[in-house]
Every structure is written in C-alpha cells, then in structure tokens.
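Could you slot chain B onto chain A? The hints should help.
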Amino acid sequence: MSDSPVTREIPHVRVWDAPTRLFHWAVVILIFISWLSADQGLMTIHLCSGLTLLALLLFRIGWGIVGSATARFSDFLHPPRKVVAYLRGLAGGDRQLYAGHNPAGGLMVVAMIAVLLAQAMTGLFSNDGLHFTGPLALLVSDDASTWLTTLHATIFNVILLFVWCHVVAVGFYVFVKGDNLVKAMFTGHKPYTHVPADAQVFFARSYVAFLLLLLVLTIGGVGWFIIQGGFLL
Amino acid sequence: MSAPAYFGGVTVVTALGIAAAMFLRPAFGHTVLQWIGLESIPQAAPSSFYTVRVAPLLEAHCTSCHGAERQKAELRLDSFAAVLRGGKHGAVVMPGAARDSSLFTRITLPVTDDRAMPPSGKTPLNKDEITVIRLWLAAGASGTLPVKAIKGAPALVVPVKMPELDLAAVRRQRAPLAHEVSRLQRRFPGVIHYDSRSSADIEVDASLKGAAFGDDDLDALVPLRDRIVSANLSGTAVTDASAPLLASMKALRVLRLMNTKTTDATVQALASSKTLKVLAVAKATPGTLAPLRQRGVRVYEDLDVR
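Listed in order, the protein sequences are those of chains A and B. Final position of the first sequence in the working numbering is 233; the numbers increase by one with none missing. Final position of the second sequence in the working numbering is 306; the numbers increase by one with none missing.
Same shape as in the complex, but just chain A (with noise of 0.2 angstroms):
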C-alpha cells in the first residue's frame, strides 16, 4: 500500500446547462456596458448592448418554460410563504438543498429578470433630448418619452441595488456555507452533496435553445424592420 495521500475528488453533478449559464455571463457583461456607454456618451454602443440584453431576457423567459429542469420558473419559483421558510431556516443553520435556484434565489431571478425587462423596455421609448432617441420614442409624445426617460434612470439605481443583493447572497453561499455557486454558474456543475439525493435533473435539447434564439432573433428583425421602416409612425 502507499503511504502518500490520496485526494479524493468529490463527484460532481451536472445542473445548469449551457444556454442558462451563457445568459447568466452575457447579463453580467450587458449590465456592465449599457452602464458604461452611457456613462460615457456612447449611445450606439449603449443601444445595441440594450437590444442585445432584451433579446436575451426574451430567450430566458421562453427557456424558464420550455428550457432544462433546473431553468424552467416551474423549478424555482415558489409561494412566499416557502421563501419565508426557506430564510428562517437559513439563518437557523437548517438549510435545504436544491439543485437548481433555492426559492429566495429564485426569487431574486424573477425580480432582476423583471427590472432588466423594464429597463430594457424604458430605452426603447427614451431620448437624451440631444443626440440620441431611442427606437420606439416617436410612437409616444415628448412628456412621456421625458418621464420614461427618467424612469429609465431610476430603475437602473433598483438594479444596482438587485445587483448588490445577488453578489452578497452569491457571497454568503460562498464563504459562509462553502457552496461555490459562481464555479457551478461557469462549470455547470455542483458536488453532489450539495444536490438532493432524488434531485431529477433533465435538460433540454441544444436544438430547442437554437430554435427558440432564431425565434427571438427572427421577432426582434421583423420589429427592427417595422421599426425603422416608419410603419407605425
């Protein structure tokens, strides 16, 4: 027998896929630039990092239905009573396991997925009374492309806010529980003790995802075409 150490690998398991974990970066580096270029002037830039982040939220939300199991909202989203449940029994040392979102994460996902939506839809109507008017602002009068403006901005200080809860929560799993959630949002996978024992995890075709991008893609080149052809002026 050898007397040298042996390290033993904890065998992981495979729960987020490919199209979720994409979203999940692509967000993170859209939020960074639309913040960025508008900080800056770029408004080109800030535009099509805007369109590029609706597209995607638009995909998410067809994902979380007919997407892989620990994607779908049928997965993650849960009764506030259970939210509540799931805190207390948090702060209490008792935590459940979940392969997927836990109900307060969940939670977090509809919330930021609903402001980023809101904030993507505010762009479209707003203008910098300059330079800049955003695709659908001459379908609304000057007072409320003006006060979706400011909206606009407003609702970019609720997700810097989302923002900061989501990076303390991902950090309290981190170093506080040791479950590195950002390793499994790039891998994809988890230990398997972090992940119910009867955890059914299934995933969803690479085809569906394709499909269902050229939808989102296809409805959001038909409304560009509407758009800047003037049909709805």
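Because the hints were derived from the structure by calculation, they are not lab data. There may be inaccurate statements among the hints.
[Stated by the list, open to error] Quick list of in silico lysine to aspartate or glutamate cross-link-like pairs, EDC-like style, CA-CA up to 20 angstroms:
1. B:72 to A:39
2. B:88 to B:78
3. B:72 to A:143
4. B:122 to A:128
5. A:82 to A:94
6. B:88 to A:39
7. B:122 to B:78
8. B:72 to A:94
9. B:274 to B:201
10. B:148 to B:164
11. B:127 to B:100
12. B:88 to B:74
13. B:151 to B:166
14. B:283 to B:215
15. B:277 to B:226
16. B:122 to A:143
17. B:151 to A:142
18. B:88 to A:142
19. B:122 to A:94
[Stated by the list, open to error] The following label-pair restraints were derived from C-beta to C-beta distances:
20. A:215 to B:171: 54 to 60 angstroms
21. B:171 to A:45: 51 to 57 angstroms
22. A:138 to B:180: 46 to 52 angstroms
Idealized CB from N, CA, C, for every residue including glycine.
Just chain B, lined up with the frame of chain A:
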C-alpha cells in the same frame, strides 16, 4: 467564515464603495452629505444677483436638460445648491474664476463644437447673457451678493408676458348681445366688428356705406350702444338727430364724424361724455370744442384721421 464576520465585511466593503463613489463623483457626495444633514444646503437670497440675473438665464437656456425632469450628465441647474454641486464631471462653477468654470466655457464655445452649450438647435446665450454669467462667476458665484454689488452688468431685460387668451371667458362676455350682434352684422355687412379676439367691445365703421347709412340705421344699433367703443361715421348721412344716441354711448372712446351734416349741436351733446378720447368733426366752432379739449379729448377738424 462565520455569518457575522461575513456581513461585517460586507458592511465595510459597501461603506468603502459608497465613500469611493462620493469621492469620484463629488456631486453625488454633496447630495449624500446634504441628505444626511452633514452639509448645509446653500440657498440664494431672493434679491441676490444670482436669483435676479443668473437663475432666469439658467431657467431659460439650461434647465430643460439640466432640471427636475432631465439631468444630463447628472447635472441640475435649477437651484443654487445644484449649480454649486455640479454634475458627473465635477463642479461646473469655480468661484472667482469664470474662465475655469465649465458653466462659462461651455456657453462660449462656437456652436460647431460638440461641447457647446446649449447644444446645436437650441437658442444660444447672447453676449449680454454671457456677460452676466461671467461677472457673477468672477465675483465669487455668490448667492447673497446683491444686484448692485456687481458692476458692469448689462441692463436687465424683463420679457413681457402676454396674458393667455381665455376664449371661454370672452364667449361668456359676448353672450348677452351675441344674438343682436349677429343679427345686425347680417343687416349691415362689414359695419359691425368686435374690438379684438379677446374683447366683447364693438367697433362700428359705416364710412364705406356713405350716404346709404343714416340716422335710422344708426338708431338700429341702440341694443349695442353700451358696448360700442369706436364709431366711424365719416361720410355717412348721419345728422344732429343722432346726437342723443351718440351721447348715450357709455363706452364710446373714438368718434369720427368727418364729412357729415353734424354741427355744434352734436359736439355740445358729446361734451358730457366721460369716455370720449378722440373726436373728428367736420363743422364746429372753436368755442364749442374748447370744453372737450380742456378735458383732454383729442379733437381733429377738417381732416380724416382714419
């Protein structure tokens, strides 16, 4: 790591993040400090040079983009405190140094410059307005310095504000006589008009009717007599028989009777009018006109002042 240690660390990191943001964005820093009461909010005195001369210019040229509704570059120029606070790119006002203040340099750039303010398409500040801003900055960008303390400022131009036309109120004023006016306008086309769009007063101009307009026709206007402010009867067939009616017009200010058969009798009848300001007559003796002239009525003889 324990939960208390983690959340303690989060608190420290968050506080450091906010402090860094306050340092990098002084305007945000001032807002936070003023909000929590650690910094007083600067106020401008109502009679200060800023309030009387500078604030109206900012309101006219800047606050549509840098005001309550919209804050381009996170800059507001709709209050003294906000002006001093500055925006995303720092302070816009350097007290005592106009040429170092972007509030001044931006408004003096050529309109072809992308950084020029107000941006192209909006009305730029004129020379006098720029001088006002420059003098205020050079004098220390004070909120208390009175108007007279800053010498050399161009004279204050106070824009005239026209009252908004309340058409509903005009309609209500005209309503009691509207039917009569309408009827008489049909009977005497082109003779009866309202004084203006905003008035229920009436002008009568029968001069183009000539001899076809006589005492009987003028008598038909009796229902309108309290509203008639001007009557041009020059060249008509009106005679002294209409003098009582003309004298009973309580609002009559202008009366023209050139080239008519009216005489001193009509002038004497008008002597008691308290509203008449202008009278043009063909035949009258100086002694008859004297009382009117003494009252300040402008009297014209033997010429048509139309």
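**Message:** Checking each numbered hint in turn, tell me which of them this model violates, lowest number first.
**Reply:** 8, 10, 13, 17, 18, 19
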